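Going down the list, the sequences are from chains P and C. Our numbering applies: residue 22 is where the first sequence begins, and numbers increase by one. Our numbering applies: residue 22 is where the second sequence begins, and numbers increase by one.
Please keep in mind that the hints were generated in silico from the structure rather than gathered at the bench. Computed from a predicted model, the values in this text were never measured in an experiment. Be careful, since some hints might not be right.
As the list claims (entries may be wrong) - Quick list of in silico lysine to any residue cross-link-like pairs, SDA-like style, CA-CA up to 25 angstroms:
#, chain 1, residue 1, chain 2, residue 2
1, C, 27, P, 386
2, C, 430, P, 247
3, P, 296, C, 98
4, C, 439, P, 71
5, P, 439, C, 343
6, C, 436, P, 30
Stated by the list, open to error - Okay, the calculated beta carbon distance ranges per label pair:
#, chain 1, residue 1, chain 2, residue 2, range
7, P, 109, C, 226, 44 to 50 angstroms
8, C, 272, P, 166, 56 to 62 angstroms
9, C, 59, P, 436, 29 to 35 angstroms
Ideal placement from N, C-alpha and C gives every residue a C-beta, glycine not left out.
Next come the chains, spelled out residue by residue.
2 protein chains.
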Amino acid sequence: MITLFKNARILTMKSSEIFSGELAVKDNKIFYVGEHYDGEVPDHVIDCEQNLLMPGFKNAHAHTAMVFARSCADDLPLHDWLYKTIFPMEEKFEDGDIYNLTKLGILEYLTSGITAAFDMYFRVPEIVKASEELGFRSVCLATSSAEPISLLKERFETLNKPDALCSYVLGIHAEYTTEEERIKDVIKLAHELKAPIFLHIGETEAEVKGCVERHGKTPVKYLDSLGFFDYGGGGFHCNFFTDEEVEIFKKHNCYIVTCPCSNLKLASGIAPLYKYQKAGLTIAIGTDGAGSNNSLDMFKEMYLVSALQKVTNHDPSVMDGFDVLKMATVNGAKALGLNDSDVLDVGKNADIIMIDLKNPAMQPINNIAKNIVYSGSKDCVKMTMINGKVLYYNHEFFVDQDVNEIIEKANEITKRLKT
Amino acid sequence: MITLFKNARILTMKSSEIFSGELAVKDNKIFYVGEHYDGEVPDHVIDCEQNLLMPGFKNAHAHTAMVFARSCADDLPLHDWLYKTIFPMEEKFEDGDIYNLTKLGILEYLTSGITAAFDMYFRVPEIVKASEELGFRSVCLATSSAEPISLLKERFETLNKPDALCSYVLGIHAEYTTEEERIKDVIKLAHELKAPIFLHIGETEAEVKGCVERHGKTPVKYLDSLGFFDYGGGGFHCNFFTDEEVEIFKKHNCYIVTCPCSNLKLASGIAPLYKYQKAGLTIAIGTDGAGSNNSLDMFKEMYLVSALQKVTNHDPSVMDGFDVLKMATVNGAKALGLNDSDVLDVGKNADIIMIDLKNPAMQPINNIAKNIVYSGSKDCVKMTMINGKVLYYNHEFFVDQDVNEIIEKANEITKRLKT
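In isolation and in its complexed conformation, chain P is listed as follows:
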């Protein structure tokens, strides 16, 4: 099955160059990228009308099923948000809830050109089921301390197969929510598997202070002393790192995953990303969950990754738009371990989006890449293709399930969780 995209502008993200050309997809892989395709006759031809093909965005930090909490706990103090709203609702989860809620979150990802998410949430099999049924690429992250280490190992080995749509990465929720014994057990498994570990870290000042009180060290330093980052990994949020912690992340090639919208809305803080960038750290971008953000929108995040650094560094020239686009695509893919979904190239996964350059916000054509970061919105996403399948085109979903049913089910569940 060959799909040929004709009459396209193409941004492979291997460089900042944009050229006019063609791209062919065979089954789930990119088969040709160049000026003119003259191989096997395609089964399907899509005229891009000079719109832009580029790699899909990678949401490097997500709690997809948390769409239930969207706009049901806004404008509350942090403690009330978490303990009076989010936690009590999560306690009421029944079998199938996460499966159903994840599907709604995936639909939203498709509207934002997000082709993969690093999904930190409970009940991994339900996330995998939802993702596979809709054709979405989820990288699931171990998160519950209640799960035996043997289960983590089993999932790691069974889910991480070549060419599988879903994969699995080791993690803990956070230092402040995890017993030291558990942390050590996860580290032991990571060492055995030579695998990276990810976690929420440096999100709030209170978290850092608490860790220093508990362990006499800031979180990254404490975990590093246990060998946590020996095989890489990274942190979600990373708003409050000491210079020493930046160095530890650098030494272990760990990823900074920043979530600017969520951090603003929960009043956690603004990550010093320009400092991290100058130190040579690799930065990826996540939306966090819809309970705190509240949207799952890579365009909003990209804008803020750049604009917040400009204002906090009092310098509009820092954090160049193209660097941010790289964070949202290439760096995200690396952080998620999706090395075959990073750029548009022959043999890579066909995780491709089309940006509508006829949208007024993309005009006039001065600098397409910067337009996407500084002026883009979900409204500019013309197509989202994952693993060779067009799942969203011209504001319509092409998934194998009834979209209205997904929405109804999510509302039913949310209603139950709230009562």
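Following the hints, complete the assembly by docking chain C onto the known chain P.
Structure of chain C alone, referenced to chain P:
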């Protein structure tokens, strides 16, 4: 000509209540809002499918034609942005350029549910022509010191007619760019006409410092000493106001027009809106021009109006989402002098938008108003109606001109301005 909206959720913005009902438009006015319409037979019925009708957004600070500068001067220091890119391009304007560029900006407004803009730019007749041809509501603002005061008076009297689509407000560009003699002349005219005056003010720290050096007073205080705000008016940006200046604005019922995206991207600062809100000032929201923002997107602005106050005040409970929605609609209408376009009510202008509640970002339905502010994007705008005419529906434009021609023309002009 009667258009009936059936099966709608309706948020009039007279209160935060949302009810299921019907709304009828007769010519350019709202004719009925309530549970069930049983008046004259409508010419046209629109089934809203339980989507939301609400007043359109009012863009309270814009330089619409500046779309030419979108993404052609990003990531530059402020001085280079203004003096090496923007000003030299503006010097090359020819007759018709602003007319053509304004049309592209208007198309973008329609995609964001913006039904009126407070447009501070040169060549008012070209802005009026573009607006009237496309059916958009522009409130033009005197901006050029080169125009004789008699012309300002003439425009004020000829443009401000009942039921006209475009109107005219007195203004100066800014204190630091305007000779004192000119400022005094505009004030004299404002006193004669009993009219408000608007200007850029308190945008950067350098501007405030310069004013203190020139006049021994901060900008608001200096201008107030000349009688600038005697008939109201307001300021664009307002990032750096002293407590005394807040009091002056309060005394004269002046409007704060905040432009958070632009202020971040140019590294100008973050307005202390929560302080202004507590002081009882009325806040409206603007996008500024596409040269600095770079998008003309009320959703991005609304999010930031709230989220930036939460993070800078270290309190996620400040700047409630509904208050922000009011700023973007009702307060904006007041600032623009559009008292007939503020809410959905009988006799008001039919400046109405429909929000697509089936969009995944609007689901589940927990709190619709907060969803719009915290999770909305242009992608959620299903319809934009101005003055009784549907100009945008389901991502398609219904304007009386060829959209592709508008885009081509804007590119041609931009190319010339750049060379």
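So, going through the hints one by one against the coordinates:
1. 27(C) with 386(P): violated (40 angstroms)
2. 430(C) with 247(P): The hint is violated at about 62 angstroms.
3. 296(P) with 98(C): This hinted pair holds, its Cα atoms lying about 18 angstroms apart.
4. 439(C) with 71(P): holds (22 angstroms)
5. 439(P) with 343(C): holds (21 angstroms)
6. 436(C) with 30(P): holds (19 angstroms)
7. 109(P) with 226(C): 44 to 50 angstroms: holds (45 angstroms)
8. 272(C) with 166(P): 56 to 62 angstroms: holds (58 angstroms)
9. 59(C) with 436(P): 29 to 35 angstroms: Check passed, 33 angstroms falls within 29 to 35 angstroms.
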